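For the record, the sequence lines run as chains A and B.
Per my numbering, the first sequence starts with residue 77, numbered consecutively.
Per my numbering, the second sequence starts with residue 2, numbered consecutively.
Possibly wrong hints are sitting among the right ones.
Examples of chain A residues lying across from chain B (beta carbon under 8 Å, computed) [as the list claims (entries may be wrong)]:
hint : residue
1    : 79
2    : 81
3    : 361
4    : 362
5    : 366
6    : 374
7    : 446
8    : 449
9    : 452
10   : 455
Derived from the structure by calculation, the hints contain no laboratory data.
As the structure is a computational prediction, the values presented were derived from the model and not from experiment.
Every residue gets a Cβ at the ideal spot worked out from N, C-alpha and C, and that includes glycine.
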Amino acid sequence: MKFRGLIFANLFRKKLRLILTIGSFAVALFLFAFLAVVRGAFNRGADIAGADRLVVINRISIIQPLPLSYRDKILRIPGVKAVTHNNWFGGVYQEEKNFFPQFVIDIENQRQVISELKVRDDQWNAFVKDRQGAIVGAKTAKRFGWKIGDRIPIKNSLFGGGPTWDFNIDGIYNSERAGGDESQFWFQWDYFEERMPQSFKGNVGWYVIKLDNPDYAVSVAKAIDEMAANSSFETKTETESAFAAGWVKQFGNIQFLIMTIGTVVFFTLLLVTGNTMAISVRERVSELAVLKAIGFTDRSVLFFVLAEALTIALVGGLLGLGLASLAVPALGAALNGLLPTLILSKAILAMGLGLAVLVGGISGLLPGIGAMRMRVVNALRRV
Amino acid sequence: MVRVDSTGKSNSLIQVRGLDKTYRRGGEEIQVLQRLNLDVDKGDFVAFMGPSGSGKTTLLNLLGGLDVPTHGSITVDGDEITHMSGNKLTQWRARHVGFIFQMYNLIPVLTAYQNVELPLLLTKLSKADRRKHVETALGVVGLTERMNHYPRQLSGGQEQRVAIARAIVADPTFLLCDEPTGDLDRKSADEIMELIHRLVKEFGKTVLMVTHDPVVAKRADLTLHLEKGVLVEAGELQGVAAGGVA
Numbered sequence: 077m078k079f080r081g082l083i084f085a086n087l088f089r090k091k092l093r094l095i096l097t098i099g100s101f102a103v104a105l106f107l108f109a110f111l112a113v114v115r116g117a118f119n120r121g122a123d124i125a126g127a128d129r130l131v132v133i134n135r136i137s138i139i140q141p142l143p144l145s146y147r148d149k150i151l152r153i154p155g156v157k158a159v160t161h162n163n164w165f166g167g168v169y170q171e172e173k174n175f176f177p178q179f180v181i182d183i184e185n186q187r188q189v190i191s192e193l194k195v196r197d198d199q200w201n202a203f204v205k206d207r208q209g210a211i212v213g214a215k216t217a218k219r220f221g222w223k224i225g226d227r228i229p230i231k232n233s234l235f236g237g238g239p240t241w242d243f244n245i246d247g248i249y250n251s252e253r254a255g256g257d258e259s260q261f262w263f264q265w266d267y268f269e270e271r272m273p274q275s276f277k278g279n280v281g282w283y284v285i286k287l288d289n290p291d292y293a294v295s296v297a298k299a300i301d302e303m304a305a306n307s308s309f310e311t312k313t314e315t316e317s318a319f320a321a322g323w324v325k326q327f328g329n330i331q332f333l334i335m336t337i338g339t340v341v342f343f344t345l346l347l348v349t350g351n352t353m354a355i356s357v358r359e360r361v362s363e364l365a366v367l368k369a370i371g372f373t374d375r376s377v378l379f380f381v382l383a384e385a386l387t388i389a390l391v392g393g394l395l396g397l398g399l400a401s402l403a404v405p406a407l408g409a410a411l412n413g414l415l416p417t418l419i420l421s422k423a424i425l426a427m428g429l430g431l432a433v434l435v436g437g438i439s440g441l442l443p444g445i446g447a448m449r450m451r452v453v454n455a456l457r458r459v
Numbered sequence: 002m003v004r005v006d007s008t009g010k011s012n013s014l015i016q017v018r019g020l021d022k023t024y025r026r027g028g029e030e031i032q033v034l035q036r037l038n039l040d041v042d043k044g045d046f047v048a049f050m051g052p053s054g055s056g057k058t059t060l061l062n063l064l065g066g067l068d069v070p071t072h073g074s075i076t077v078d079g080d081e082i083t084h085m086s087g088n089k090l091t092q093w094r095a096r097h098v099g100f101i102f103q104m105y106n107l108i109p110v111l112t113a114y115q116n117v118e119l120p121l122l123l124t125k126l127s128k129a130d131r132r133k134h135v136e137t138a139l140g141v142v143g144l145t146e147r148m149n150h151y152p153r154q155l156s157g158g159q160e161q162r163v164a165i166a167r168a169i170v171a172d173p174t175f176l177l178c179d180e181p182t183g184d185l186d187r188k189s190a191d192e193i194m195e196l197i198h199r200l201v202k203e204f205g206k207t208v209l210m211v212t213h214d215p216v217v218a219k220r221a222d223l224t225l226h227l228e229k230g231v232l233v234e235a236g237e238l239q240g241v242a243a244g245g246v247a
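Looking at chain B on its own, in the form it has when it is part of the complex (with noise of 0.2 Å):
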């Protein structure tokens, strides 16, 4: 279950206690989040909208240690990732964050297969192993036949797809998505918002995912607004533009 309004310990799979980013640009320090709370549980999923600049990217770039908070703690697993050095939290990010980009991101002179192979060529296993790892998650998101094709014999969904199964072929924890469905129309949009679906209620994924469409907000188990860097759920938002929310 997702509470924004927890101050203590939980059991949650990711607690977000105190988080404050803080950006200085020129001679101005700008505060992008405020003293943010989250719970997120195993299996949840959490929509995040607000209008450009309430630090919806900022905060998924926090819960998938891109970035570093300026006050506050995240804890993900049981592991406090806001204190783990460069290095430690590469090696975390691999194993527990799959990234899915609102433009894909896919490296564009490797295949399909190459490309969802990326994650597991730093773990241990064997070619056959990662074959067979590849293969499954190009199956989840039906793009078997495709895996010989390069990005630019894609359309737009099918890259977004291997995006997808780029994401979850090395099984992370949660997965992190920025505007999954930004780049795409709407046949293709609602495709990839099934798919994401799917992965939450058949593979009990637990995904976090950041967008300016309603309706494709509407998908997620809870949307969240981030508004002047406070985060509330849906029905506290006239609170909050009265400026009623601390």
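Just chain A, with the same shape it has in the complex (with noise of 0.2 Å):
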């Protein structure tokens, strides 16, 4: 292109100004990346959940927990495929610092009614056979270096049972959907229920229902909480997707406030760029006005400002998001899997890619408008 000399020189004209104004680019850009991926962390629950599945949980809170008896009366209510139980076990390996999930499954039916975890026949035989196994997400296994074979000791203080439970590793799970949760630990409800004391036993955290049907995942909740009101363990059904969401709002409006943050930080770029070109245009009026006079129209005047606001947004961009794509593993594996896999993706790159050219044009839009007004008799009478 003829005119790439002109804009590159213009470009470079003050390089402090223009490394600040890529500056401001990258770091907005990088912000919004970060925010995208934690905001995208938290929601990824609720994105991924099966449409299909409900859970059913103790109406007063998630850590009451509900009769095992429940699972034969959910399973008679039409519409449901499938249940299976869960209950929290809040251990740690070694020391606080390194959580990780750990669920009490139900053997006979979790590969059934969450089918999107994958573990090997193999693996998940051995495990149904030994009263100790356990399977670990790929995550935590990556995470602490856990092989099949190993024997892992994991501190308790919420159920007794003895302060360490020790587990065999048998299988190694795997999420078939992109974002899905690698980070749990699965170990037998028949372990769990034998070192429980006796107040605890018969009752589990949480069940999760197979639907036949998506559709009737309405009926089935209304079922399941009629069938439970009135007695001592009353439910709350919905489906995984608003269970999901409804977990994410205990830690607050984590949406409404990477909104406003992001909001802010675009706002405040826009007037900062909006800014620097519109002093950037002014300082060489007398220039353009040269350029009109020689034959170059309204339009290529307008062209000239506008590529080189969208060249300072795309190189600020790309610089802010390539920082970005840097830093989310780094803080992935900072956090220690206190929140799901931070995940940069395409669709946030693109959207801060076109965010920053939006950005870029509406900054560079006025001023190259005005540019593209002045008349050349007024411009050069300035000089």
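Each of the two chains sits in its own frame; use the hints to bring them together as a complex.
The structure is reproduced here in structure tokens:
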């Protein structure tokens, strides 16, 4: 493109200003990518939740148990295909910072209900036969360097049964859905039940239900809650997606917080870059007038200003997103599984670049229109 | 031949007929040019003189299609420019007018070569052809050796010579010079005027120049004076002062 030389020469007119403006874009886009990744991590549970699954918890709170006897009653409700139950274990490996989620599972139905978390059949069979067996997610196995056959002590203070529970790693699961949770640790209900105090026996943490058809969600949820109404263990049944969204809400309105920060950052960026472009155009009014005098059209002048603004936006945006793509995995490792996997997706990158171009375009548009409308005779008189 | 009294059609390169230019400042109307007529033939070199505010630069802007008259017409090489739309006028300027300004008005971030190349970016010439044209233009002004220098690395006279190369590189129909030596010392001014004179005599260029300097004006074939918006030849100046020319 024959105008490239002119555009780049003008871009590099004030190198410090160029660096600072590109830096503004880079910082803003880095922050955008970071916030979008965190938001995605919080929402991923809801996003990838099975559309044909319901979660049943105690109406009072998820930490209150439900009786195991509900399982058969739930199974009899029309539209229910399978039921499994889980308990939260809440242990740590060696020390507090080594947190990861451990679940007590119902080995008969787990794979049927939560079918997207895949375990090889030979590993699953070994796990079923091993009372102290455990299946661990690929991410957690990698984090601690565990492999099949390892014996793992998990400290627990919630349920008694001794300060340390020992498990054998019999298998490793992977999620077949992108972004699925691969940090969990599963072990058998029977092993858990036998070490529980008498007062807790016969209770589960929550049920997960697989439906014949997602269309039955409302009717099945209503039937379950009616079945448990006026009992000592009333239930709250909702779709897995609603349950995951509710879980996120416990941390506050993350979505609003992130949107607010993001909006403020981009509005500030727009003001900063808009001002920079306005100054840049104002200080070379006479040069733009000369270009017009020698035959460059009004649209060419607008094009030059916009091209400069968009180049700055694109370079800054790519720099910020590039830095984010380096920082996000490091952040994920530093968080030690406190959040679900942090993923800087192509969609986030594309949206970030789109926003950078939008801000760049708007910041260049106003001074560009001013330059386009400028009368040559007036501008030359200012020299 | 230059004439200031024609009113009918002519075969001149530039024909100006009944040109008026009025500005409105606040509530007041200021008439800068009044019923001005002018004929300039190809190869003429005309200097316009007159006191500040007499309308010299306004006339140059009108002739160069940078401004539009209140009344009257300007025809250049058969094209009446006074009724052209903005874009058409811009394209016309690119083909027909070479501008030389008092303050040179080079783009400081471009080299001499790149500054001279600017008008050619609007043509369909290949890069190699543009290079030939730029080198020729810089050769005419004697700055081939300095083509990779930036304006800040050149003297005022050299900057103006680059500006002249930029003005002639696309071989325009005529050149408009607004105080081309106004920012130069006498020696540099003489060199620039020698160069402009060469463009007229050797290359047959048509030049219309505004100046305050009688020494510079003497280099032109004819000097016209603008007094109170009226254009007169030097000999008629006393009559204008007495209010005798309408």
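* At a threshold of 8 Å, is the proposed contact between residue 81 of chain A and chain B supported by beta-carbon distances? -> holds (6 Å)
* So, residue 362 of chain A near chain B? Judge it on the closest CB pair being under 8 Å. => holds (6 Å)
* With a cut-off of 8 Å on the beta carbons, see whether residue 455 of chain A makes it to chain B. => violated (10 Å)
* Asked: Regarding the hint that residue 449 of chain A lies at the interface with chain B, is the smallest CB-CB distance below 8 Å?
  -> Hint on residue 449 of chain A: violated, closest Cβ of chain B at ~10 Å, above 8 Å.
* To do: Hold the hint about residue 452 of chain A up to the distance rule: shortest CB distance to chain B must be less than 8 Å.
  => The hint holds - residue 452 of chain A has a Cβ within 8 Å of chain B, the shortest such distance being about 5 Å.
* Taking 8 Å as the limit, does the beta-carbon of residue 361 of chain A come near enough to a beta-carbon in chain B? -> violated (11 Å)
* Interface hint for residue 366 of chain A, Cβ within 8 Å of any Cβ on chain B -> Hint on residue 366 of chain A: holds, closest Cβ of chain B at ~5 Å, below 8 Å.
* Can residue 79 of chain A be said to touch chain B, with a Cβ gap under 8 Å? -> Holds, because the Cβ-Cβ distance from residue 79 of chain A to chain B comes to roughly 6 Å (cut-off 8 Å).
* Closer than 8 Å between Cβ atoms is the bar; does residue 374 of chain A clear it against chain B? Give me holds or violated. => Holds - the Cβ of residue 374 of chain A comes within 8 Å of chain B, reaching about 7 Å at its closest.
* residue 446 of chain A as an interface hint toward chain B, with CB separation required under 8 Å -> violated (16 Å)
Of the numbered hints given earlier, the model fails hints 3, 7, 8, 10; all others are met.
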